[in-house]
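There are 2 protein chains.
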Amino acid sequence: MSNKNDKAEQKAITKREDDYSEWYQDIVEQAELAEHSPVRGCMVIKPYGYAIWELMQKDLDKRFKAKEVQNAYFPLFIPQSFLTKEAQHVEGFAPELAVVTHAGGEKLDEPLVVRPTSETIIYATYSKWIQSYRDLPLLINQWANVVRWELRTRLFLRTTEFLWQEGHTVHATEDDAEDFTKQMLDVYKDFAEEIMALPVITGRKSDSEKFAGAVRTYCIEAMMQDGKALQSGTSHMLGQNFAKAFDVKFLDADGEEKYGWQTSWGVSTRLIGGLIMAHSDDKGLVLPPRLAPHQVVIVPISASEQEQEAVNGKALEIKDQLEEKGVRVKIDDRDMRPGPRFFEWEKKGVPVRIEIGPKDLAAGSVVAVRRDTADKATLTEEVLVDTVIDLLDQIQKDLFDKALNFRNENTVSATDYEEFKKVIEGHFVKTYWCGSADCEAEIKADTKATIRCIPFNQGEEMGKCVKCGKESDVQVIIAKAY
Amino acid sequence: MSNKNDKAEQKAITKREDDYSEWYQDIVEQAELAEHSPVRGCMVIKPYGYAIWELMQKDLDKRFKAKEVQNAYFPLFIPQSFLTKEAQHVEGFAPELAVVTHAGGEKLDEPLVVRPTSETIIYATYSKWIQSYRDLPLLINQWANVVRWELRTRLFLRTTEFLWQEGHTVHATEDDAEDFTKQMLDVYKDFAEEIMALPVITGRKSDSEKFAGAVRTYCIEAMMQDGKALQSGTSHMLGQNFAKAFDVKFLDADGEEKYGWQTSWGVSTRLIGGLIMAHSDDKGLVLPPRLAPHQVVIVPISASEQEQEAVNGKALEIKDQLEEKGVRVKIDDRDMRPGPRFFEWEKKGVPVRIEIGPKDLAAGSVVAVRRDTADKATLTEEVLVDTVIDLLDQIQKDLFDKALNFRNENTVSATDYEEFKKVIEGHFVKTYWCGSADCEAEIKADTKATIRCIPFNQGEEMGKCVKCGKESDVQVIIAKAY
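These protein sequence lines map, in sequence, to chains A and B. No gaps in the numbering here: position 35 of the first sequence is 46 in my numbering, and each next residue is one more. No gaps in the numbering here: position 215 of the second sequence is 226 in my numbering, and each next residue is one more.
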């Protein structure tokens, strides 16, 4: 969309230090990832943003299938009465529901809720599917849209409608369910770290932060560049709460009828928000190569028609060579000066730019530029393909290391509440918590920070609850969050 | 789900000649493709049915991308006022709308319609995206769920919610738009014939059958085994109707501001219904290899534990060899007699079954059975992989040929109305139509049959309108339809 690009070119991206929130908005807009729709709170995911989502889906889907999870599809609508069957669940979701009251020109006998999540409608179905222990485990995932009526929305991070996947499993024993809940959390952790280049902390949510209806919620939490936390994925051990509400029972090998043990787990288009905020800089989006729709952009440069033919031919040749090795390549041979073309792909976060001009052609080389560091290198044709492939791996690794260093540098400890209040802004605070919901609520009221998670990785030592000073062996990460 | 299988085993599939409609339902149920949900008119697509949809999506998506179409995502909700902007469009869809009136605990100022199709919300967005002729063509597709409130539903064929893709493009000239409309129809035709093994007739809809808001609707029509037609995909030339309603304008190269020319096109999970009805038989589902989640099922057979180890080992070996060549293989080594296992995969339409028993093992061969013809062959290990791959190609081709022969045998002509009424049941009738909406309406009132399409492939001759006898050069296909 050429006109838009010309306009975008003129508009500078706000600097992070000037206004972090504006910076985020500018990147979403100028990298053409998404925009607000005419429907309040809903977003339009633009082609470039959607291409990132497709790459995420493809990788996650493969990981789910490796766990023997099958995809299926359940209805968008949920009878209102279903939602009320699990008391905590309806309490958690009631304020956010969108409700269909009329259809086909008539008022409905029972209003239908647009799914905010699908535990209820799926488990009502599971109760018919499962009879025997031989039907277990039942491992199903769905890729779908869900709706939660949000008052304050931000593109990708919090929107009324969003895209996600939700896995829903049933197991014969508590141990099996607990084990699978953690296996799926590991899938999310591996995906975040290996594919998104996003280091995450794994752990358990406090009771007040857990999923409405779950026994335990496990999560991956990532640090953004403003030191705030982004909950990036959750895996819930549901126990038998929903099984009892929806009569998910099976005849066990011992001849006894038992309730199933259930899990659910999900990640959403919110991950794209996390991806943007983890790596991007004041020049625009920075994408890890594994999620870049174009991993390499080739920009041929010429001053005459004759030169143009030669450099474009070489660009095509290089593209073919790289694509043969599985690299995603885009040629930008638009009839524009090189500057605006460089600038556009920089804003869009393409990991490696290759420039080919007549002089390069004569020398049998090209210039390759890294998006993340701006490092330039002249590469001869012989080493080009291998070097670019190595470079992509290096960028992937460097982005992860950079984000990890950033998190380490911005994770602090606090032993008393005054110290805590001084450092909570812009940091993960590693400290102790007595386990009381009152302490947790007071911390939140005073600072807007929340217990992000109780990390799996607990130390041996004891400490004092940062709020009340009571002795405790429970270490927590507290931070402000998106 | 073992128990279900045991039950299904006991239940016979209704014969086509006894009750075609029951036969269809039985296959959907016993092949575990889908089921009715607790929400009226909505279906649950079960894992095996969804796996077929995933294969369809993957192939179609590749074809769209080859046409430079990009995926994106637009909101589920449409402000009611948007729908009313194109007069014919709202008239066509108003009776089928589901409406959200309350959200977040409050009554909405303006009700939101759950998208029945997305022309309006997408084109409201396009009007902001497009400024110049350089922004064209704009070629976008979305994979999404849509809702149309249907009173009488049938799994896959007509459901309140269904999954589909909808492409929406904008072009600078009428010719470009017309050309693209037809290109996408060809994509659908190729997909139906090459992948679904489903021969289709391409042509134009009459005005009364066209999409609400379109200038012209092109379609692919397929014959089911009861001689009825299934509209399997449509591609609409929208002209400037929506562009004018939603202000989709661009500054052309000549400096003039012009309205864009638009197209939209879609296929849905209804295709799965067509796939079932085109090829299946009284034993169950028959799948063309290109859409079979498992193209080959290997059933190892043994009488002792020692035998079991040996045949299972061989099964695994063959699976690896076939998968290396890109064949999708399932081993069914469940501890059950062979009969019920054969029976299950027969019902589920797996194209080739390979049986391995101790005698086969000793002879260095296996038995391969075609699902479509029940032909058995003994294959030695040396030729196994190549023969199976050839066999899959042959089955794909034979299913297409069989469906084409069936259509040819059941396509008849009629020169007068009495003759027409005698043959319309169970046939495509090739005849002439004067072009009057009255004749068309009377035919429908008398016989429930409709003009399925005005085929592109028109003869040279003239004929008489089957209803009024008026001389005409317009040949049409008339049939009852799903």
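Please note that a few of the clues may not be correct.
Because identical chains share one entry, a pair is satisfied inside a single copy or across any pair of copies.
As the list claims (entries may be wrong) - Computed list of lysine-lysine pairs in DSSO-like fashion (alpha-carbon distance at most 30 Å, straight line): (1) Lys341 x Lys325; (2) Lys96 x Lys118; (3) Lys69 x Lys336; (4) Lys387 x Lys193; (5) Lys336 x Lys387; (6) Lys76 x Lys336; (7) Lys73 x Lys432; (8) Lys73 x Lys325; (9) Lys294 x Lys441; (10) Lys432 x Lys269.
Simulated from the structure, these hints should not be mistaken for laboratory data.
Going through the hints against the structure:
1. Lys341 x Lys325: The answer is within: 13 Å in one copy meets 30 Å, while 46 Å across copies does not.
2. Lys96 x Lys118: Close inside one copy (23 Å) and across copies (24 Å); limit 30 Å.
3. Lys69 x Lys336: So lysine 69 and lysine 336 pass the 30 Å test inside a copy (19 Å) and across (22 Å) alike.
4. Lys387 x Lys193: Result: close neither inside a copy nor across copies, 43 Å intra and 47 Å inter.
5. Lys336 x Lys387: Classified as within; 22 Å inside a copy, 42 Å across copies.
6. Lys76 x Lys336: Both: 25 Å inside a chain and 20 Å across chains, each within 30 Å.
7. Lys73 x Lys432: Neither: 43 Å inside a copy, 54 Å across copies.
8. Lys73 x Lys325: So lysine 73 and lysine 325 pass the 30 Å test across copies only (27 Å; inside, 35 Å).
9. Lys294 x Lys441: neither (32 Å within a copy, 64 Å between copies)
10. Lys432 x Lys269: Neither: 49 Å inside a copy, 60 Å across copies.
The structure is inconsistent with the numbered hints 4, 7, 9, 10, although it conforms to all the rest.
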